[in-house]
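Number of protein chains: 2
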Amino acid sequence: MGSSYRAPLDDMRFVLYDVLGAEALFVKHGFNDATRDVVDAILQEGARFTETVLAPLNEIGDRVGCVYDKTTGDVRTPPGFREAYDKFVDGGWSGLVSPVEFGGQGMPHLAGLPLKEMIDAANLAWGNFPLLSHGATEALLHHGEAWQQEAFLKPIVDGRWTGTMCLTESHCGTDLGLLKTRAQPREDGSYEITGTKIFITAGEHDFTENIVHLVLARLPDAPAGSKGISLFIVPKMRVDRDGAMGERNAVRCGALEHKMGIHGSATCVINFDGAQGYLIGAPNKGLLAMFTMMNTARLAVGLQGLGISDRAYQNAVRYARERLQMRSLSGAKYPEKPADPIIVHPDVRRMLLTCKALIEGGRVLGYHAASLVDIAHHAKDEDERKHADVLLGFLTPIVKACLTEWGVECTYHALQCFGGHGYIAEHGMEQLARDARITTLYEGTTGIQALDLMGRKVMQQQAAGLQVFLGMIEAFCNDHANDAALAEFVEPLRAKSSEWQALTMQIGQRAVGDADEVGAAAYDYLFYSGYVALAYWWARSVAAAEASSHSADFKAAKRETARFFFTRLLPRTSAHAQAIASGVGPLMAMSAERFGD
Amino acid sequence: MGSSYRAPLDDMRFVLYDVLGAEALFVKHGFNDATRDVVDAILQEGARFTETVLAPLNEIGDRVGCVYDKTTGDVRTPPGFREAYDKFVDGGWSGLVSPVEFGGQGMPHLAGLPLKEMIDAANLAWGNFPLLSHGATEALLHHGEAWQQEAFLKPIVDGRWTGTMCLTESHCGTDLGLLKTRAQPREDGSYEITGTKIFITAGEHDFTENIVHLVLARLPDAPAGSKGISLFIVPKMRVDRDGAMGERNAVRCGALEHKMGIHGSATCVINFDGAQGYLIGAPNKGLLAMFTMMNTARLAVGLQGLGISDRAYQNAVRYARERLQMRSLSGAKYPEKPADPIIVHPDVRRMLLTCKALIEGGRVLGYHAASLVDIAHHAKDEDERKHADVLLGFLTPIVKACLTEWGVECTYHALQCFGGHGYIAEHGMEQLARDARITTLYEGTTGIQALDLMGRKVMQQQAAGLQVFLGMIEAFCNDHANDAALAEFVEPLRAKSSEWQALTMQIGQRAVGDADEVGAAAYDYLFYSGYVALAYWWARSVAAAEASSHSADFKAAKRETARFFFTRLLPRTSAHAQAIASGVGPLMAMSAERFGD
Chain X
1 MGSSYRAPLD DMRFVLYDVL GAEALFVKHG FNDATRDVVD AILQEGARFT
51 ETVLAPLNEI GDRVGCVYDK TTGDVRTPPG FREAYDKFVD GGWSGLVSPV
101 EFGGQGMPHL AGLPLKEMID AANLAWGNFP LLSHGATEAL LHHGEAWQQE
151 AFLKPIVDGR WTGTMCLTES HCGTDLGLLK TRAQPREDGS YEITGTKIFI
201 TAGEHDFTEN IVHLVLARLP DAPAGSKGIS LFIVPKMRVD RDGAMGERNA
251 VRCGALEHKM GIHGSATCVI NFDGAQGYLI GAPNKGLLAM FTMMNTARLA
301 VGLQGLGISD RAYQNAVRYA RERLQMRSLS GAKYPEKPAD PIIVHPDVRR
351 MLLTCKALIE GGRVLGYHAA SLVDIAHHAK DEDERKHADV LLGFLTPIVK
401 ACLTEWGVEC TYHALQCFGG HGYIAEHGME QLARDARITT LYEGTTGIQA
451 LDLMGRKVMQ QQAAGLQVFL GMIEAFCNDH ANDAALAEFV EPLRAKSSEW
501 QALTMQIGQR AVGDADEVGA AAYDYLFYSG YVALAYWWAR SVAAAEASSH
551 SADFKAAKRE TARFFFTRLL PRTSAHAQAI ASGVGPLMAM SAERFGD
Chain H
1 MGSSYRAPLD DMRFVLYDVL GAEALFVKHG FNDATRDVVD AILQEGARFT
51 ETVLAPLNEI GDRVGCVYDK TTGDVRTPPG FREAYDKFVD GGWSGLVSPV
101 EFGGQGMPHL AGLPLKEMID AANLAWGNFP LLSHGATEAL LHHGEAWQQE
151 AFLKPIVDGR WTGTMCLTES HCGTDLGLLK TRAQPREDGS YEITGTKIFI
201 TAGEHDFTEN IVHLVLARLP DAPAGSKGIS LFIVPKMRVD RDGAMGERNA
251 VRCGALEHKM GIHGSATCVI NFDGAQGYLI GAPNKGLLAM FTMMNTARLA
301 VGLQGLGISD RAYQNAVRYA RERLQMRSLS GAKYPEKPAD PIIVHPDVRR
351 MLLTCKALIE GGRVLGYHAA SLVDIAHHAK DEDERKHADV LLGFLTPIVK
401 ACLTEWGVEC TYHALQCFGG HGYIAEHGME QLARDARITT LYEGTTGIQA
451 LDLMGRKVMQ QQAAGLQVFL GMIEAFCNDH ANDAALAEFV EPLRAKSSEW
501 QALTMQIGQR AVGDADEVGA AAYDYLFYSG YVALAYWWAR SVAAAEASSH
551 SADFKAAKRE TARFFFTRLL PRTSAHAQAI ASGVGPLMAM SAERFGD
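Note that the protein sequences, when read in sequence, are chains X and H.
Numbering-wise, the first sequence is residues 1 to 597 according to full-length UniProt numbering.
Numbering-wise, the second sequence is residues 1 to 597 according to full-length UniProt numbering.
Among the hints, a few may not be true.
Derived EDC-like pairs (lysine to aspartate or glutamate); straight-line CA-CA distance at most 20 Å [said to hold, decoys possible]:
| id | chain 1 | residue 1 | chain 2 | residue 2 |
| --- | --- | --- | --- | --- |
| 1 | H | Lys180 | X | Glu247 |
| 2 | H | Lys337 | X | Glu593 |
| 3 | X | Lys227 | X | Asp273 |
| 4 | H | Lys285 | H | Glu382 |
| 5 | X | Lys28 | X | Glu593 |
| 6 | H | Lys555 | X | Glu409 |
| 7 | H | Lys28 | H | Glu336 |
| 8 | H | Lys333 | X | Asp383 |
| 9 | X | Lys180 | H | Glu169 |
Far from chain X, by Cβ distances over 12 Å, these chain H residues were calculated [unchecked claim]:
| id | residue |
| --- | --- |
| 10 | Lys28 |
| 11 | Val64 |
| 12 | Leu141 |
| 13 | Gly243 |
| 14 | Ser330 |
| 15 | Asp347 |
| 16 | Lys380 |
| 17 | Gly420 |
| 18 | Ser574 |
| 19 | His576 |
| 20 | Ala581 |
| 21 | Gly596 |
Hints are computed from structural coordinates only; laboratory data are not their basis.
Using N, Cα and C, we set each Cβ at its ideal position, and we do this for glycine too.
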């Protein structure tokens, strides 16, 4: 049986047009082709592709997984995965948001996001293949020389080749300064790359004839640590400067990891054994180039959490409406049936509404961040670009960490709604829970996101992004100061917004005395921020729904979900605020030995 | 590699002797054989057995799982499981807490609990086989006729046979009133049982020559619903009234479920096709008899959450001490190493200390409940027995739900400490997370525990158990009112204790107007209760440690962990209290249709 998926087009359109004003946004920033008709066609076709092609492959992808051939080093993807990729390429999806000059369709990032969410919901494991190509695209676009873009970027944009990001080694993940892979210059200007990378998503597969690895390595004279890392293009099949594909490069998949989930995604050990590579960007500036890719990749992983939550939720709602068990405590609601459907029980509703509030609110949070990518790159006004970039930097770790942790939470609740049946593979819910679990780990764990937010975006940048966001909240609250119908949301939002600012200052002051205060507050600060950001977007969603032409049911559902969010989920900020207030002391007092044997 | 396990004997002894005063307790209630020497020998031998025999089988149990033979209906358990069971029986463990008159060793429940925890930590899947025997033992002990106890109880106590509990059918789990399995009387006084049960743990296996199923079914003239359910003994091999084992009964395993985890535990579909069975207990009173088993089973599942948390935590601590990654924000702590071990980072400590606080606090909570089982059954004074029984009833859903949800949380944090490596099967952490996930589902989901607490133990019983517990808190706070060293714990504990009482009254008053208020508050009330109960036990643990002869390091670790609990985890009660205060409205407003397509 497995779980099924239906793209939530109504809500996607609501977020794009009614909440974020995408139509005006696209016009303003010069995306003249991204008319409402075109974007609607993307949504419709995207829904068809993901619902009918990708979603049905989700279960077999989990059951069969990727298979490694020890003799050849080849990787066979699950049945149907390759054909689905061919359809993806034939449909022109691979270059949707890439620039026209490299063969893309030049759509705004925001217009591509619903497709991304649908892919993640339909088949998270499969989605990792195009996702990694997108990361490589970004790096080549921003740091590649002209010939590199011709030779490598174009085939990736048109889907003939795919890309990877090769960062991690067995002894270093977060701490890339420790990495050991070496790059030896050759006389012809290319490099010989030697080393072993692990956890390489889409590192080997049978989709395409070539794979373009973007590899972090050290030049012979490189300074130690993170300032001595350079980025290299290392294709699986050698490629000349004129773009001609040659013989096999000394790149080989050494093994596939056995994982908790996303079995259909190839997580490879990749051995570079004196492989030919090309330097991309400046020597020893590889980490910087990598960060370009990483920021969009982090938003993308956040979207994975959102997509998988929505699939889990949809199936839980269906089950809760069908499964008959016990009577409502306040009297039978369906006396003609042998028992009431479990959706009558308040605690089942608590779980479902938690998902609904986190998913729909999270959708606005994530899509808004994507709109900032477009503005940061395409706004005509430089101040506007900077403004967007600063806010995007602030929101990126929040989107990544919150949407993925909420993804773990939502798949948890959705499974729980099934009772014991949720634990059985047949219903597909346990796969969603296992698949979701990777998202809080890769592209920087939740703890790393929290440190990025607190250390870099708040401390180093004097909370510039927060100030922009607080300004948005204040403007909204002022606009609706006399709107009685919104008062139940506007008032607590205003209060939380002040508290947010006060907490930020409190941590900043403490950190002057002890740098560990930053790390001690980071996690709770990030989630505090995430819930307040969601409160803002929920309040705006209610206002946007009221002002829209959506049905009375749609409007009522927004208001009821917002009310649930404000009364049942926003209170979590109290626990986070208290944890922040307690400071570093209770965390650091214990010696490493006293943690146990 | 997998994960490893070392039994936490020091802390177990601390809980038994220093916090709960087990020595005096055992003497008082007539367990004269349970001397400190004997209990210590149980701990030592239990540690040896679980660490060296069970723990190493945990990984292969997951990888190979139980295998079903379609032709014969047999189930083959994973390699080594059967031999481990033989050792368990040879060691005399199967009857440890069973009465001497049926071949048991008559140890108090509390003295058996550490072994139970060790088994769950070492190998949760394997532990389900003896666990289900224990459930059957309880039912036969309290409801079986003399010949039934002779014929069925004794072989289970001595481990020659095992037992099961056959409740669930595909259309009913929680709502047993819907069950359809039929029992037809035969002329010889036995019954013919016909029906299909699902999710039968240990329903079929190769450990023993016979399996005693305790089966809920309906007599021909039974009233509809839950008042028409009777309990039957249905052995796999037929057994005469004189205890002689005969030919195969019409009982057959129809399939094994494919599950998210506990692959080594056989979760069976069991078909009864006119199988010979014997009525146990009164006709139509089967649910009552089943509840006898279920209460201890619920405590036992709570212990599973505790055990698996501890194993996960132990491995995470080890990894956090070994894994070198990044420098401490407050300056290098191990400058001679290429990077600091990750245990220096506040956020890693946050995760580890959360586990430590929930595990060690949870251990006292769970062991205390077990001590109430002994008192409720063995105290000489009737009032004392009643008192213990009421408190036990109140605490059982808290222990079950909290320890299992914390088990999910702790395995989550522990995996997270490993970063991406946690997601890889090799380290064994992902297995623990998958295995832990079942515990919040079986023996009544968390939502069902919450309803049991709120509806039955608070509303129906006028919170009698809560009053006993509040009395214990008050006595402790009064005893330490002038103890400056404990003030940081006693004061917030007193405040939370008042709030707990006030919240209980608030819900009670609301429920008069709308019965759904009970369901709406239940989940948050249960966790509110769990955290306050833990605050009490942490405060008492600090006091008990101070008064004990443990090392200065041990005392310091208790105090530091308690401080972490009070400042970082107890604040979660604020969020729960606010959610409770918001009442039923935000949960029930939305029509079933508006949840989505």
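Comparing the hints with the structure gives:
no.	hint	in the structure
1	H/Lys180 to X/Glu247	68 Å, violated
2	H/Lys337 to X/Glu593	18 Å, holds
3	X/Lys227 to X/Asp273	24 Å, violated
4	H/Lys285 to H/Glu382	25 Å, violated
5	X/Lys28 to X/Glu593	59 Å, violated
6	H/Lys555 to X/Glu409	36 Å, violated
7	H/Lys28 to H/Glu336	57 Å, violated
8	H/Lys333 to X/Asp383	42 Å, violated
9	X/Lys180 to H/Glu169	57 Å, violated
10	Lys28	33 Å, holds
11	Val64	14 Å, holds
12	Leu141	27 Å, holds
13	Gly243	34 Å, holds
14	Ser330	4 Å, violated
15	Asp347	4 Å, violated
16	Lys380	40 Å, holds
17	Gly420	5 Å, violated
18	Ser574	4 Å, violated
19	His576	8 Å, violated
20	Ala581	8 Å, violated
21	Gly596	5 Å, violated
Checked against the numbered hints above, the structure violates hints 1, 3, 4, 5, 6, 7, 8, 9, 14, 15, 17, 18, 19, 20 and 21; every other hint is satisfied.
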